[in-house]
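Novice: Position chain B against the provided structure of chain A, taking the given hints into account.
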Amino acid sequence: MQNVAILGASMTQFGQRDGWVLDLLSEAGSACLNDAGVPPDAVDHLYVSNMASGEFEGQTGIMNAVTHDLAAMPAYAARIDQTSSSGGAGVKHAWQSVASGASDMTLLVGAERMTHRTTAEATDIIASITHPLEYKHGVTLPSFAGLTARLYLDTYDAPRESLGKVAVKNHRHGVDNDHAQFQKEVDLETVLESPIVADPLRLYDFCPITDGSAALMFCPESVAREYTDDYVLVSGVGGATDTHVVHERADPTTMRGVVESSRIAYDMAGLGPDDVDVAELHDMFTILEFLQSEDLGFFEKGKGWRAVEEGRTEIGGDLPINPSGGLKSKGHPLGASGVAQVYELYEQLRGEAGKRQVDGADTGLACNVGGFGNCVITTLMEAV
Amino acid sequence: MMEAYRYPDGSITFPGHPIGPGGEEPVDTVDLSEYTAEVITWTTSTATPPGVREPNTLAIVEFDVDGEPVRALGGVTTEEVTIGDEVRPVYVDELRDPEAGIREPDSQAWDGYRFEPV
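Residue numbers (numbering that gives the first Met the number 0), protein chains in the order written: chain A, 0 to 383; chain B, 0 to 117.
Extracted from the complex, chain A is given alone in its bound form (with noise of 0.2 Å):
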């Protein structure tokens, strides 16, 4: 099996933008083939991740529109939809394409436009990917998260005041992110009388509705060698899927894929939870940042409320998480999110991240997570 590299990346300003999905995916391709410093017609393999542009914007077929205007034809294509994490499973299929020796060049683009919709029509698609026994309920994601954060406080005698927290954190760090959708601090107070969406969840225990996309540039280690000393390696991967109704799990506070995702990226890397020193975890709602730190092996059942309480998780505390800002304050263009987890570790493993640097980042973790954790990807990436 190849050693897999990322030998460049790219991503666009999140946040309302006036491109529509082809437009954006452009963007964020033609920038990776530059930072790449790679032809298009020396890519093999190009994937999309997308979950909705169809439903979002009546254009599907955008494998084949972005690869003739990368002018990367004949590049195999294929666009990649696992909801929200979509661009987990692109590093997913892009890694595979690689390690399995079937592409030298593998480009992934990841972009969703969803800001044209209302919320409530926006809230809708993204509630279409559940259960007929949930839909007609009027189940939404957010509202997933509200049962979800009840229980974790219930169980666990875990205060409100520290999901807020998780907010005020993330938007903390997206302050020094240029691409982020919101550049600014908020408060613990304006998160905890924020509107009620999902009680016990208010408006800022949930990330906006975003356009965006973001771009990686696959090889094996061999061939980036030849590009760039530049670069970082993929050393773990792993795909899990939970129960598609959520009521069926035996405890919600528990993300079984999250679980099963980071064992298999854990063990091909050889690596453990207490090796990470970074972290892109999928704060889509302040509770999963809780949920995914504990499933994935970083604090214990229930305790992981304690660890954003005393700072742990900021920059500067023994473990970082979400330094780019996360979703919460970079923003949530569905397709996109996964792929920008691994371009803001990707900066962070070269050093190159700015006023956001975690000191001494050599392995980073990402956790892109679909559905209410229907499907996750967990990868691990370490400098060179």
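Source of the hints: derived by calculation from the structure; they are not laboratory data.
Keep in mind that a hint or two might mislead.
To be verified - So these bits of chain A aren't anywhere near chain B, every CB distance computed over 10 Å:
| # | residue |
| --- | --- |
| 1 | 267 |
| 2 | 310 |
| 3 | 351 |
What the hints assert, rightly or not - Taking beta-carbon pairs under 8 Å as the criterion, some of the chain A residues facing chain B (in silico):
| # | residue |
| --- | --- |
| 4 | 126 |
| 5 | 132 |
| 6 | 197 |
| 7 | 207 |
Think of the CB as a built atom: it goes at the ideal place given N, C-alpha and C, for glycine as much as any other residue.
Specialist: Quick look at chain B alone, frame taken from chain A:
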């Protein structure tokens, strides 16, 4: 009927699946509407999609079917609910407006059960 499936290993799921958690096909059905359940957790959603009541109080509940736990999710008939409450299923012929959302109206049923505190 609030139909759950029973599998050879004794487990019961709601909804039913062609293959159960133990890897075997179902052998029987159970009507959960004949039982009461306990509220495991709940939320009141105020940002609801098109065609959904607002606010929408939802709960995950657990039935005890002769010693076998079975969980279900559904709307609650009131906003006054707490963890540990006992609830019973109440039939509703249309839980949300089938025409308002993204899903094809003919692709699924729209009736079902909400939970009412006992």
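Novice: Each hint should be assessed against the structure and marked as holding or not.
Specialist: Results of checking the hints against the structure:
| no. | hint | in the structure |
| --- | --- | --- |
| 1 | 267 | holds (27 Å) |
| 2 | 310 | holds (29 Å) |
| 3 | 351 | holds (38 Å) |
| 4 | 126 | holds (6 Å) |
| 5 | 132 | holds (5 Å) |
| 6 | 197 | holds (5 Å) |
| 7 | 207 | violated (13 Å) |
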